[in-house]
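Make one complex out of these two single chains by using the hints.
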Amino acid sequence: MFYRESGDFKTTYTSDQAIFPLAQDRWFVRAVVVLALVVVPIALYFGGSGSSYWVNTFLLPFFIYSLAAIGLNILVGYCGQISLGTGAFLAVGAYGYYKLTTSFPEINFFILLIGSGVVTAAVGMLFGLPSLRIKGFYLAVATLAAQFFIIWLFYKVPWFYNNNATGQITVPPRELFGLMLTGPAGVLWFKYLVTAAVVILAALIAKNLVRGRIGRSWMAIRDMDIAAELIGVRPMRTKLLAFGVSSFYIGIAGALMFSVYLGAAESGETFGIQQSFDILFMIIIGGLGTILGSFLGAAFIVLLPIVLELLLVNGVGLNTGFAEHVKVVTLGVLILVFLIAEPHGFARLWEITKEKLRLWPFPH
Amino acid sequence: MMFLLETVISGLMTGVMYSLVALGFVLIFKASGMFNFAQGVLALFAGLTLHGLMTGTMPFTHVVYPEYAMPVWLAIPATIGVMILLAVVWERLVMRYMVNQADIILFMSTLGLAFILEGMGDIIWGSDVKVLKLGLPEGASDFLLTNFNLYVDKLEVFAGIVAIVLVTVLAIFFNKTRMGRALRAVADDHQAAMSVGISLRAIWVTVWSVAGIVALVAGVMWGAKSGIQFSLSLIALKALPVLILGGFTSIPGAIVGGLIIGVGEKLAEIYTGDLLNAAFGWDAGIFKAMENWFAYMLALVFLLFRPQGLFGDKIIERI
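For the protein sequence lines, the chains are A and B, in the order given. In terms of the numbering used here, the first sequence opens at residue 1 and continues consecutively. In terms of the numbering used here, the second sequence opens at residue 1001 and continues consecutively.
Since the hints were derived computationally from the structure, they do not count as laboratory data. C-beta atoms are modelled at their ideal positions from N, C-alpha and C, and glycine is treated no differently.
Not close to chain A: a few residues of chain B, all C-beta gaps over 12 Å, as computed:
no., residue
1, 1002
2, 1003
3, 1012
4, 1167
5, 1175
6, 1197
7, 1202
8, 1256
Calculated pairs, DSS-like style, for lysine-lysine (alpha carbon to alpha carbon, straight line, at most 27 Å):
no., chain 1, residue 1, chain 2, residue 2
9, B, 1314, A, 135
10, B, 1225, B, 1154
11, B, 1133, B, 1225
12, A, 327, B, 1130
13, A, 207, A, 354
14, A, 207, A, 10
Here chain B stands alone, though its shape is the one from the complex (with noise of 0.2 Å):
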């Protein structure tokens, strides 16, 4: 019983750190419409910037200051600066020539990015896993640990945490501000909110913005737990069935998918295969392995019964 216990907690937490990634992904879509498949790699950028500036490696700043660390309480700040200028950047030179185009050819689009990004990522700082020091909490909760006897990592319930705030102030800045409203308007239609004085430029900067800073916090998170590597950019593949399963258009649907998936994930990968040994007498060898699947086909079966994921806006359409 325990041990189920400590299977859905752990799944329940693995389950916030894949929202984190999916929010990224709701924040695009919902602003421009836009597939943002970037969102892993982003998250990637992200932790290799704050790594680089933090150990001195950052290319430009050993120009000015050769083997300068920045401590944490700047580095961050400066981290949240670059993806800012990354926005800039990827609105000035791509989204700019992009507006009234194909959603699929917007989507090839932030491919041709998550290209660039991870390309430029191996040649600034290497391919080699790099371990992220911001004096997070870590290791597994004394108090659970002695009173309970439950292994909790602490550094899941801090990433939890991180994930209320950051969905609170998000759901807000959509619901509640001008800025929130005007973002929709364009996801809505890119030439009608031209056409009452929404600046499209402006509203990209911001969520490319918003997007590039959920991905640090993404990757500050994942990167604390398993290392900056290579295979982070490919949680991005985790978050897309939290995605579906919660509606593209949803930010708390964002954070319940991902609750659901993690749990469902966890406790498939433990029981299924010992389940299905007793009942039919498979080998339960095989059905190790199948986290890489299961989170697609789990929504899938939710997606025949609610098109648009659990909480995404209803699709009404028209001729």
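Next up, chain A with everything else stripped away, as it sits in the complex (with noise of 0.2 Å):
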């Protein structure tokens, strides 16, 4: 009755074409795009220290994984090409954004970003050469060898960390427009409003690259790769073009991870491969192939600990210990159960969701 075409005419080519066709949509998802850039800041702005668990635990962690999940979602669910190798290219990114911020302390923020993805797309793309020859799972344990081997690398040669005792790498104080960004004194509203804001642009870029050319002759790879090739569609530049764009995602979401969410990294102890199982994770159940999917997902993977956290350990007074392990057991239902409910993710659900919406409150 609300929520329909009917009413919503289209006189020009452009607003045929517009990412949310329904005027209703457009409405709900600018109200989003308030809510996160205007209205939580602001919260946060007034809301002092106390709000800096919600920022720490859920909001940081949120929009930095769904940028990851959204680099993972252009490889896996739009070009098919399965990695695991998505913990390691994090890694990358973040001490790219090491290196770089380290060296040249003076560069803007945004540039050492942008930096550390173009190294990261750099890094995945090397590592996507074997998919021109091999498919699959066969493709997903040789992107193992590249959740290793950097791991291993980034452990092992001093140089990465610059050579102090540790191993760790620190991020250093930077500031952004003249408030503190990174570093222990980083601003946590503004923290969280430059995280926002770099997600929201790069989803916004992300779900116009898969409308277009270049997302459909991912997806053409993806549903029969031979086809593909055979009606003009380049296997090589596609697959490699997608590695390339997934990393760079990938890469600025380690970024933004060690620099304004952990502050502080170890390659083998941030980003092991339970990350890339994590990542994974949020965008099967989110939804493989879709934007809003990768943003579901990241909220399911992040708040579920929290939630199962706040329940045994506050509500039922378990001990920590064991109810870390009721936690994996959980974890691992709730998998096999949407799995099973719906293998198509969250945003199926959302697309089932919008379709009864149409005829509700009369179905008949």
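Right, dumping it as structure tokens:
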């Protein structure tokens, strides 16, 4: 009744091709963006120190993992190349940012972000080369080579962590627009605002990328690569581009994770194989081949441990060690339940809801 | 020279241990086209169950027989029973709904299983290292030590023999029996297999049971070698390069791949650092602990020449 196409006339090609063709959708998305970029930062600004729990346990990881999930979704969901090397690419982004910011301290934060993204894209394309020859799970295992090799490299070669004694990298304090952004003295609401803005901008770019010629060629390769090759999609360029763009996003996510969110990192501890699996869960639970799904999946995987922690430790009163094991089992069960109930993820549920809404409240 | 020989032998034996885990992967992949990431955790769980039965810490059994510790000959069949039960439950609750799903969804479901088993193992038995006493041969082989001055672990020789027996039995099972053919049909196409009257459910229970039993063997061998502990679930990560080297669909491939990786890894670990040090003057210490990724890189190089692995079925693609 309220949510449908009728009465929403398209008079130009531009409006026909809009990302959100329905006026209601557009207003909803605008409201969400305003909420994320205006309302929440203001609330954090006045919320003071009490809001730091929510920023550090939910908001920052949510946005950063969403970005990484978008990156992986481009590769796995749109181009069909399974990758288990996400953790390593995050590490490349983080270490890239660290090397850049310690070598050129006065350069603008955003340029450093793009720089670390470009470095990661180059590494990603290098490890994407085998995809031209091997497919499916063979490729997945081949990307594990990237995961283990890169983590080992960052752990063993002291140049990457500037020869410091701990082997850790710690983010140096940097300002942006006169406000402290990174390091222990970083301003909380500003950290959030910068992260959210970067991620929303990146998501918008990704959405347009996958709607256009490039995205369609990725999907052609995903659905059947030989057929795609026959109709003139060049597999090498397309696959390497997917690896490059995907790694670029993951690299920026890694740089943000290290600089804004964690502040310190150690290759094996922070960017282990568990990260790769977590992000793969996000895109599968969220929905393969959807940008929206990346956000929903990230929200689910980030929120789940927090909610379980609250329920089990504070609610039921289990001790922390036992609750940890129960958490692992619950996560496993939930994954199975989701895979059985809705293999296409949250994004599909959202589509179904929208379909239902068109008839609501008079379904007949 | 003797040292080199010892390194090679020890590499071969480690390779056999990897193969035992890789076998479970191959079984499931051959029979359901499923990439079973839970194989390592399955081995851990089987080992824990066996240990639990033998020390009387199994839940439910101690309700009936408090503090009843089973002898080995009873505990092993009982563990096999538990693994079969697990396969039945897994089929009933999950696999049944996974017919014709995309490969990546199937893969994810095994990750879910891995989480559940890992958590359950910790909840039931705690996460400390457990020593498994089965009376398997231990220590160095005296014969080789006195006559040839070679240090070879008896347990590893035993593991090698077990692996050979296992592979022979499985190869016969897959190639000569009715069930084996049905399994291969299922791996090819779920729907086509069902349409010619193969019961998918029976197949899946069978194959997961067999994978569970192979996991038990792997769990026992690794458990006897280094104790049953959480890190056992990580040997799955060691078995993956073995798999792609040998080919996902080949049982002998799992063995040969394991041997190549085992030897390559040991040689690389010991000699690369020194060689590069001699050649370029690089710091030899950097190249220690390269075990983690060496196997993957080796497998990757092989893959570039043979995309289906050494013994895998040739990948034929049509439109």
